Amino acid sequence: MLTALRNDIDLQALLLAVPKPNTEQRTRDWLNRRLDDPQGVFFIICDRSSNRGVGFIQVVHIELLHRRGELGLCIEPSEQGKGYATAALGLIERYLQDVFDLRKLTLNVLASNENAIGFYRGINYSTVGTLKQHFYYKQTFHDVLVMEKLFFAADVSR
Numbered sequence: 021m022l023t024a025l026r027n028d029i030d031l032q033a034l035l036l037a038v039p040k041p042n043t044e045q046r047t048r049d050w051l052n053r054r055l056d057d058p059q060g061v062f063f064i065i066c067d068r069s070s071n072r073g074v075g076f077i078q079v080v081h082i083e084l085l086h087r088r089g090e091l092g093l094c095i096e097p098s099e100q101g102k103g104y105a106t107a108a109l110g111l112i113e114r115y116l117q118d119v120f121d122l123r124k125l126t127l128n129v130l131a132s133n134e135n136a137i138g139f140y141r142g143i144n145y146s147t148v149g150t151l152k153q154h155f156y157y158k159q160t161f162h163d164v165l166v167m168e169k170l171f172f173a174a175d176v177s178r
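Numbering (our numbering), first residue to last: 21 to 178.
Derived from the structure by calculation, the hints contain no laboratory data.
Treat each hint with caution, since some may be false.
Taking lysine-lysine and the BS3-like style, the derived pairs with C-alpha atoms no more than 25 Å apart in a straight line are [claimed, not checked]:
1. 152 <-> 169
2. 40 <-> 102
3. 124 <-> 169
4. 152 <-> 124
5. 158 <-> 40
Predicted model, so just to flag it, every value in this text is computed and none were measured.
Use the sequences and the hints to build the structure in full.
Okay, here's the thing in structure tokens:
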């Protein structure tokens with residue numbers, strides 16, 4: 021499943037990744053880097069009834085001092101809209117708060133990816149900026165939105 025996701029050129033562009041051909045070994049190497057990253061967490065998203073992988077969710081650049089991380093989420097196109105992303109985000113947000121005491125997640129999304137933007141807004145992510153002409157794909161530069169979800173505000177009254 022992961023190799024197929026990593027070889028889907030249009031899907032990789034939606035993830036703001038540079039698409040490259042991936043063998044099973046390259047995918048294993050990528051997965052091992054994700055799992056070995058001390059500033060990140062990575063989980064496979066599975067269908068509960070079949071235990072078949074349908075995507076993945078990761079948080080990278082976890083900064084414990086600032087109590088934030090950067091979200092990445094990928095669901096197979098044929099499995100989107102079935103609640104997997106909502107369930108996975110609910111679980112990982114609780115995990116990050118309970119284990120790392122994170123207070124905020126950020127993410128980047130193509131400004132043209134209306135489905136993803138609508139999804140994130142629906143679960144209380146807000147747009148905090150636009151990176152103009154930030155991502156190059158198919159001979160065009162694309163804007164990227166920066167979104168965030170604040171679990172709780174920091175006490176700044178000190």
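Report task. Would you pick out the hints that fail for this structure and give their numbers low to high? Result -> Hint check: 2 fails alone, others pass.
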